[in-house]
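S.K.: Start from chain Z and add chain C according to the hints.
Sequences listed follow chains Z and C, in order. The numbering of the first sequence is the numbering used here, which starts it at 162 and goes up by one. The numbering of the second sequence is the numbering used here, which starts it at 47 and goes up by one.
I should point out that these hints are in silico values taken from the structure, not numbers from a laboratory. Heads up, a few of these hints could be off.
[Unchecked claim] Here are the in silico distance ranges between beta carbons for each label pair: (1) Z:Ser332 <-> C:His158: 46 to 52 angstroms; (2) C:Pro144 <-> Z:Asp197: 44 to 50 angstroms; (3) C:Thr184 <-> Z:Ala296: 29 to 35 angstroms; (4) Z:Arg181 <-> C:Thr78: 42 to 48 angstroms; (5) C:Ser128 <-> Z:Ala330: 26 to 32 angstroms; (6) Z:Glu369 <-> C:Glu74: 32 to 38 angstroms; (7) C:Pro190 <-> Z:Asp322: 26 to 32 angstroms; (8) Z:Ala208 <-> C:Pro190: 37 to 43 angstroms.
Quantities reported herein were computed from a predicted structural model and do not represent experimental measurements. Quick reminder that beta carbons are idealized off the backbone N, C-alpha and C, glycines included.
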Amino acid sequence: MKRLLALLLLALPASAQDRRSGFEDMARETQAMQRDDMQNPGMLWVAEGEDRFNRDCTACHSEASMRGVAARYPAWDEATGAPIDLAGRISACVERHQRVAPPARESQPLLALTAYVAHQSRGLPISRPSDPRLAPALEQGRALYGERRGQLDLSCVQCHDDNAGRRLAGSTIPQAHPTGYPLYRLEWQGVGSLQRRLRGCMTGVRSEPFAYGAAEYVALELFLNDRAAGMLLETPAVRP
Amino acid sequence: MGDIARAVPRRVALALALLLATPARADEAPLTDVPGDAARGRAIVADRTRGLCLLCHAGPIPEERFQGNLAPPLDGAGLRWSAAELRLRLVDGKRLNPDSIMPSYYRVEGLHRVSPAQRGRTILAAQEIEDVVAYLLTLREEPPR
Numbered sequence: 162m163k164r165l166l167a168l169l170l171l172a173l174p175a176s177a178q179d180r181r182s183g184f185e186d187m188a189r190e191t192q193a194m195q196r197d198d199m200q201n202p203g204m205l206w207v208a209e210g211e212d213r214f215n216r217d218c219t220a221c222h223s224e225a226s227m228r229g230v231a232a233r234y235p236a237w238d239e240a241t242g243a244p245i246d247l248a249g250r251i252s253a254c255v256e257r258h259q260r261v262a263p264p265a266r267e268s269q270p271l272l273a274l275t276a277y278v279a280h281q282s283r284g285l286p287i288s289r290p291s292d293p294r295l296a297p298a299l300e301q302g303r304a305l306y307g308e309r310r311g312q313l314d315l316s317c318v319q320c321h322d323d324n325a326g327r328r329l330a331g332s333t334i335p336q337a338h339p340t341g342y343p344l345y346r347l348e349w350q351g352v353g354s355l356q357r358r359l360r361g362c363m364t365g366v367r368s369e370p371f372a373y374g375a376a377e378y379v380a381l382e383l384f385l386n387d388r389a390a391g392m393l394l395e396t397p398a399v400r401p
Numbered sequence: 047m048g049d050i051a052r053a054v055p056r057r058v059a060l061a062l063a064l065l066l067a068t069p070a071r072a073d074e075a076p077l078t079d080v081p082g083d084a085a086r087g088r089a090i091v092a093d094r095t096r097g098l099c100l101l102c103h104a105g106p107i108p109e110e111r112f113q114g115n116l117a118p119p120l121d122g123a124g125l126r127w128s129a130a131e132l133r134l135r136l137v138d139g140k141r142l143n144p145d146s147i148m149p150s151y152y153r154v155e156g157l158h159r160v161s162p163a164q165r166g167r168t169i170l171a172a173q174e175i176e177d178v179v180a181y182l183l184t185l186r187e188e189p190p191r
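Okay, chain Z solo, but in the shape it has when bound (with noise of 0.2 angstroms):
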């Protein structure tokens, strides 16, 4: 009977399978801290953020129409012909249409902005990118993924989908799901989007990383979120 099960588990298409936000391996203080906005450290740019949005961008947008926004990005970007991640988007934006130097990555402005569009989606599904121009990036996220890479000679796969859950030290190896980003973590002391959580674990492995807004990036992003599709958003989540 027990084998059957096994087996019947087995069969079950890897979706179907339990899928955990890195929210449920955290400590129960951290997860308060996620929790309560009060204690949320990260609300603290989404409200910088929302002052900016309503001083910068409401001549074209509204609050309203961000909802929905973050859970189906990386998208198509029309005006480079290539895929684009939120920031990408929203840099973007800023320079199209503000004709300013746009901000740069990791910057506090566009980390803000960031969180507070992203936070408008907040509960939503992360949704499956549909677009089929996505396609190629995808499968290159995807191989990205499965890339042995660094001096340590370790690729995402070993650690997120074969000892996920496991300990790496003192810290329970997530299932590397995006759903918090831009995201507070204890250890930078301050919000961070999901390129430089990814720089942190290539230069973990002693890895060269890819220089910040890297076509590479977007690729990894879209196909963690593929992966990650109808889980839920957090933005701002907070972590170890």
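M.R.: Positioned in the frame of chain Z, the structure of chain C alone reads:
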């Protein structure tokens, strides 16, 4: 029993690995003329930025609190393996199991996008490998159950 089942493929794999290894790099032989120093080896194993071992393995190093569980405990390694076998696992365990997650501590070729600071450098130096082997040989008690 379980041991024999494990020992057979291990011996075959080891023989294969030794056949494939060029004579100049037969990894059963020590990498240096200076015998390993077990105390220095222990310090390397305990150091998360040098040996990195406790990221994945647990071991009898009680002062290091956060030990990993991605790999079998190091306790008893000196009962299970000879110096040559331990050395091979450290130098390039992927010759035994190409899918292993354990890094190859003394190999520079065949790696991808190594960070510039580490490019062309092995994770541990030859003498450090000898020190770690000497330490592992002192681990002659099975892990606490």
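S.K.: All hints are to be evaluated individually against the structure, with a verdict given for each.
M.R.: Results for each hint:
1. Z:Ser332 <-> C:His158: 46 to 52 angstroms: 24 angstroms, violated
2. C:Pro144 <-> Z:Asp197: 44 to 50 angstroms: 48 angstroms, holds
3. C:Thr184 <-> Z:Ala296: 29 to 35 angstroms: 55 angstroms, violated
4. Z:Arg181 <-> C:Thr78: 42 to 48 angstroms: Between Arg181 (chain Z) and Thr78 (chain C), where Cβ atoms are some 46 angstroms apart, the hint holds.
5. C:Ser128 <-> Z:Ala330: 26 to 32 angstroms: 29 angstroms Cβ-Cβ, so the 26 to 32 angstroms window holds.
6. Z:Glu369 <-> C:Glu74: 32 to 38 angstroms: 34 angstroms, holds
7. C:Pro190 <-> Z:Asp322: 26 to 32 angstroms: 30 angstroms, holds
8. Z:Ala208 <-> C:Pro190: 37 to 43 angstroms: 51 angstroms, violated
When each numbered hint is compared with the structure, violations occur for hints 1, 3 and 8.
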